[in-house]
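K.L.:
Sequence:
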Amino acid sequence: MSSNKLYFVGGLFLGTIIGGTLGVLLAPDAGEQTRKKLAEGTEEALGNAYDQAVEYGENLKEQFQDMQEQFTERVNEYKNQIESKIQEIQDEVEQDIADLNEELEALEKEEAELTEEAEVADKEEA
347 MSSNKLYFVG
357 GLFLGTIIGG
367 TLGVLLAPDA
377 GEQTRKKLAE
387 GTEEALGNAY
397 DQAVEYGENL
407 KEQFQDMQEQ
417 FTERVNEYKN
427 QIESKIQEIQ
437 DEVEQDIADL
447 NEELEALEKE
457 EAELTEEAEV
467 ADKEEA
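Numbering (our numbering), first residue to last: 347 to 472.
Mixed in with the good hints, there may be bad ones.
What the hints assert, rightly or not - Simulated restraints, written as ranges between beta carbons of each label pair:
1) 385 with 361: 17 to 23 Å
2) 416 with 394: 28 to 34 Å
3) 421 with 358: 36 to 42 Å
4) 365 with 410: 30 to 36 Å
5) 403 with 437: 49 to 55 Å
6) 395 with 416: 27 to 33 Å
7) 432 with 395: 53 to 59 Å
8) 459 with 421: 52 to 58 Å
9) 399 with 428: 40 to 46 Å
10) 426 with 402: 34 to 40 Å
Hints were generated in silico from the structure; no laboratory data involved.
None of the values given here were measured: they were computed from a predicted structure.
All C-beta atoms, glycine included, are put in the ideal place defined by N, C-alpha and C.
Make the full structure from the sequences, and use the hints.
P.N.:
Right, here's the structure in full:
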C-alpha cells in the first residue's frame, strides 16, 4: 500500500471517529442513551481499525512474498550466468591444455628425430 493511500485511509478512519463522537455528543439524547451510542460507536470504530490493520498486514505480507520471489529469481539468474561463465572458462582451459599437449608431443617427436640424426651422424663419423 502506498504512503498516500495509507494517509488517506488513516485520515478517513480518524475523520470517522471524530465525526461519530461529535455526532453522539451533540445529539439531544439522555445521558445513558448517549453513553450507549458512544460505546457502540467506539466499538464499531475499533472493529474498523482492527479490520484495516489486518488488511494492511496482509498487504505487507503479500508485498514481502513478492519481493522474496523477485530476489530468489534474480539470485538464480545470476547463479546460472556464473555457472555458464565458469563452464565457458573451463572449456577454454581444456582446449588450451589440449593444444599445449599437441605442441609438446610435436616437440618431443622433433627432439627424438634430431637425436636419431645426431646419433647416425656420429656413427658415420666414427
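K.L.:
Would you mind marking each hint as holding or not holding in the structure?
P.N.:
Comparing the hints with the structure gives:
Checked against the hint of 17 to 23 Å, the C-beta distance between residue 385 and residue 361 comes to roughly 20 Å, which is consistent with it. Our hint of 28 to 34 Å for residue 416 and residue 394 holds, since their Cβ atoms are close to 33 Å apart. A beta carbon spacing of about 40 Å between residue 421 and residue 358 agrees with the range 36 to 42 Å that was offered as a hint. At roughly 34 Å, the beta carbons of residue 365 and residue 410 sit within the given window of 30 to 36 Å.
Hint check: residue 403 to residue 437, Cβ distance near 51 Å, so the stated range 49 to 55 Å holds. For residue 395 and residue 416, the Cβ-Cβ distance of about 31 Å falls inside the hinted range of 27 to 33 Å, so the restraint holds. At roughly 55 Å, the beta-carbon separation of residue 432 and residue 395 lies within the given 53 to 59 Å, and the hint holds. A C-beta distance of roughly 57 Å is found between residue 459 and residue 421, which places it inside the suggested range of 52 to 58 Å.
For residue 399 paired with residue 428, a C-beta distance near 43 Å keeps the hint of 40 to 46 Å intact. Distance hint check for residue 426 and residue 402: the Cβ-Cβ separation is about 36 Å, which falls inside the suggested range of 34 to 40 Å.
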